[in-house]
Structure formats: C-alpha cells, structure tokens
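Heads up: the sequence shown runs through residues 631 to 936, numbered per the working numbering.
It should be emphasised that the hints constitute simulated quantities derived from the structure, not laboratory data. Treat the numbers as computed from the prediction; the structure is a model and nothing was measured. C-beta: ideal position from N, C-alpha, C; glycine also. Watch out, some of these pointers could steer you wrong.
Unchecked claim - Pairs of lysine-lysine residues, derived as BS3-like cross-links and limited to a Cα-Cα distance of at most 30 angstroms, are as follows:
no. : residue 1 : residue 2
1   : K823      : K683
2   : K823      : K782
3   : K914      : K874
4   : K782      : K683
Claimed, not checked - Quick list of simulated restraints, FRET-style, between CB atoms:
no. : residue 1 : residue 2 : range
5   : S817      : G915      : 42 to 50 angstroms
6   : T664      : Q837      : 34 to 42 angstroms
7   : E787      : T685      : 19 to 27 angstroms
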Amino acid sequence: MIAALLPLLYPPEQARETFQTRENVQHQSRSSITARSLSTVNYSLPEGMEAEKRTFTREEMLRGKMLYLDGQTRIPMGVPMPNTMSVAGYGKGMVPVSDLSVRSGQETIRALTGLFAALRGAGVSCFAVCHGTMTPLEQKQQMLNCFLEYAKGMPLEEAALKTLAEMDEPGCGSMTQEYAVELCLASSPDAEKTPLEESPEGRTLLQTAWRYGFILEKGENRWRLRYVGQAHAAAMVFLDLDMKDYLLHLHERGIIQVRLDADTTCIILCQPMEGEYVEFLMPKGARWEVSHDNMGYGLAACVIEH
Numbered sequence: 631m632i633a634a635l636l637p638l639l640y641p642p643e644q645a646r647e648t649f650q651t652r653e654n655v656q657h658q659s660r661s662s663i664t665a666r667s668l669s670t671v672n673y674s675l676p677e678g679m680e681a682e683k684r685t686f687t688r689e690e691m692l693r694g695k696m697l698y699l700d701g702q703t704r705i706p707m708g709v710p711m712p713n714t715m716s717v718a719g720y721g722k723g724m725v726p727v728s729d730l731s732v733r734s735g736q737e738t739i740r741a742l743t744g745l746f747a748a749l750r751g752a753g754v755s756c757f758a759v760c761h762g763t764m765t766p767l768e769q770k771q772q773m774l775n776c777f778l779e780y781a782k783g784m785p786l787e788e789a790a791l792k793t794l795a796e797m798d799e800p801g802c803g804s805m806t807q808e809y810a811v812e813l814c815l816a817s818s819p820d821a822e823k824t825p826l827e828e829s830p831e832g833r834t835l836l837q838t839a840w841r842y843g844f845i846l847e848k849g850e851n852r853w854r855l856r857y858v859g860q861a862h863a864a865a866m867v868f869l870d871l872d873m874k875d876y877l878l879h880l881h882e883r884g885i886i887q888v889r890l891d892a893d894t895t896c897i898i899l900c901q902p903m904e905g906e907y908v909e910f911l912m913p914k915g916a917r918w919e920v921s922h923d924n925m926g927y928g929l930a931a932c933v934i935e936h
C-alpha cells in the first residue's frame, strides 16, 4: 500500500514559470494587509539625505536572500547554487546541531553564532539546528521519513496527505537556499513542535532572532528560521507582517524607513523589475544589499549608522 501512495509523496515534475510576476500576485488584495503603525516607521526618505543612483543587473539581484519561496515554488533560473559548509565546523562549535551533517551558508552561520550566543546569555540553551540547506533528494527522503512516522498512528492515505500539507515539495521552498534552517529541541530532536510563542524559551527566541537578521517562517510542526538580514527582519517585526504580506506592502509603498535606535536607521527601497536592470536612489555611506523578490520587484535594504 505504501507503494501505491508514493505518487502522492513524489508528484510528477511540472513545468513552472521562472518567476512569479506582478500579474501573478496582483489579484491578492493589498487592502487586507494591515501593517502595525509605529512612530519609528514611516514611508519616506530622511530629510536632507544625500543619495546616489546605483544600477544592478538581474544576475546581481538573483544572488540576494529575499526570494519569496513557498513550498510549491521552485527557485527561479539564474539563481546560483547554494554555497554551503558545515554549521558545526564553520560555527566552531558555538551553534548547537543535532546532526554534524547539517550545512548552511557562511553568512547564515555567522548570524546563527551571534543568535545562539545571545540566547545562552539569556539562559536559553534548549534549541539546536536540525536541518539546513537541502537538496531535492534530501527533501524527498525527509518527506518519506515524515510519512512513515505518521503512518505508525493513522491510515496511510491520511498520513500521506498530512505529509504533503506540512512538507515542501522536493526542489521547492526556502530550504533549497543557504539562508534557512530548522530548529529542534537539543534534548529531544524528534519531539513534536508546539508554537514557539507558547513557551518562555520560544518567546525569548522570537524576541531575539530578528536582531540577528532572522524571521520565523510559520508552518505546521516546524520551527524554521530564515535569514533575511537586519533591515528586512527589523521592518517585518516592527510592521508585524509575515514575508509575503511584507513584500506586497513594499510593492505598494515603495519605501519603508525604520528607526532602530538613536544610532541606526534602516531604509528599504522597492522598484518593479521587468528588464535586465534596476536602479535605486540609495543613501550615501549606507551599508546595503539587494535582492529580487521572485514577485516581479527588486529590493534594496540600506542600513545607516549615524
């Protein structure tokens, strides 16, 4: 019977568009997006800001970390293959892992090192990284393992459907890049996951993660952190928006300015990107990084330190 259900776990490959376009997403109602209103957030450039024009190619934009990838969306053509290394090795033992084979990108591991140091400083040591960047084959194996576990306590068809509802399709989702990791309990890697906000340790993680550039990608029975960088993470937390709604909000607004503290301001710029180039008017002297969003727009995240 398991063999009969394998087509559910391994759906046939289907041709997909290279990008989600603005036309693909314009049917989604932006009016339903309610961003939190704060005095530290506005939608204009700072007064008197010195700026300069910068132009970026599509190739440069596709190297960014803000591609929107749900569990049924493949990485678009032109995105570089993940460049990963051992989380345990590159993290020099400062990032707890449940398996020494877990891999991720250098930038993500550096951010994880800071995050876990902050958690230890707050008395939280219960979390470990259990999954990093995954190949389509590894995703298939993960799906099969999940299905077999569910099949121990429920009918096979129900187990298969539950697996498909919870897991990314092989070759899809943020775990195919080098910016997402999944966490588990260090003492019980296979324990069922409850929402992080339901435990003191989980709330500490959520309150700390964004300061190191991570957002929580919500999903049933998983604790997935995605590294998006300081500016985007701060904006999403301040506005209380998940990644999809945040991107749609950016498409409408074009500019989001977030004052983190007296010394640091983040400015996020958004422009439609239909050709091979996109141009931004960027603050002089700012640290910046750019990315395509896989929804027809280019993003520039700038951090100004006063």
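Right, here's what the structure says about each hint:
Of the supplied pair hints, the one linking K823 and K683 is violated, its CA atoms being roughly 46 angstroms apart against a limit of 30 angstroms. For the given pair, K823 sits about 18 angstroms from K782 by alpha-carbon distance, which is consistent with the 30 angstroms threshold. For the hint pairing K914 with K874, the CA-to-CA distance comes to about 29 angstroms; that is within 30 angstroms, so the pair holds. The suggested pairing of K782 with K683 is violated, with an alpha-carbon distance near 59 angstroms, which exceeds 30 angstroms.
A hinted range of 42 to 50 angstroms for the beta carbons of S817 and G915 is consistent with their spacing of about 46 angstroms. Between T664 and Q837 the Cβ separation comes to about 22 angstroms, which falls outside the hinted range of 34 to 42 angstroms. Range check, E787 to T685: about 53 angstroms between beta-carbon atoms, so the 19 to 27 angstroms window is missed.
Against the hints set out earlier in the document, violations occur for numbers 1, 4, 6 and 7.
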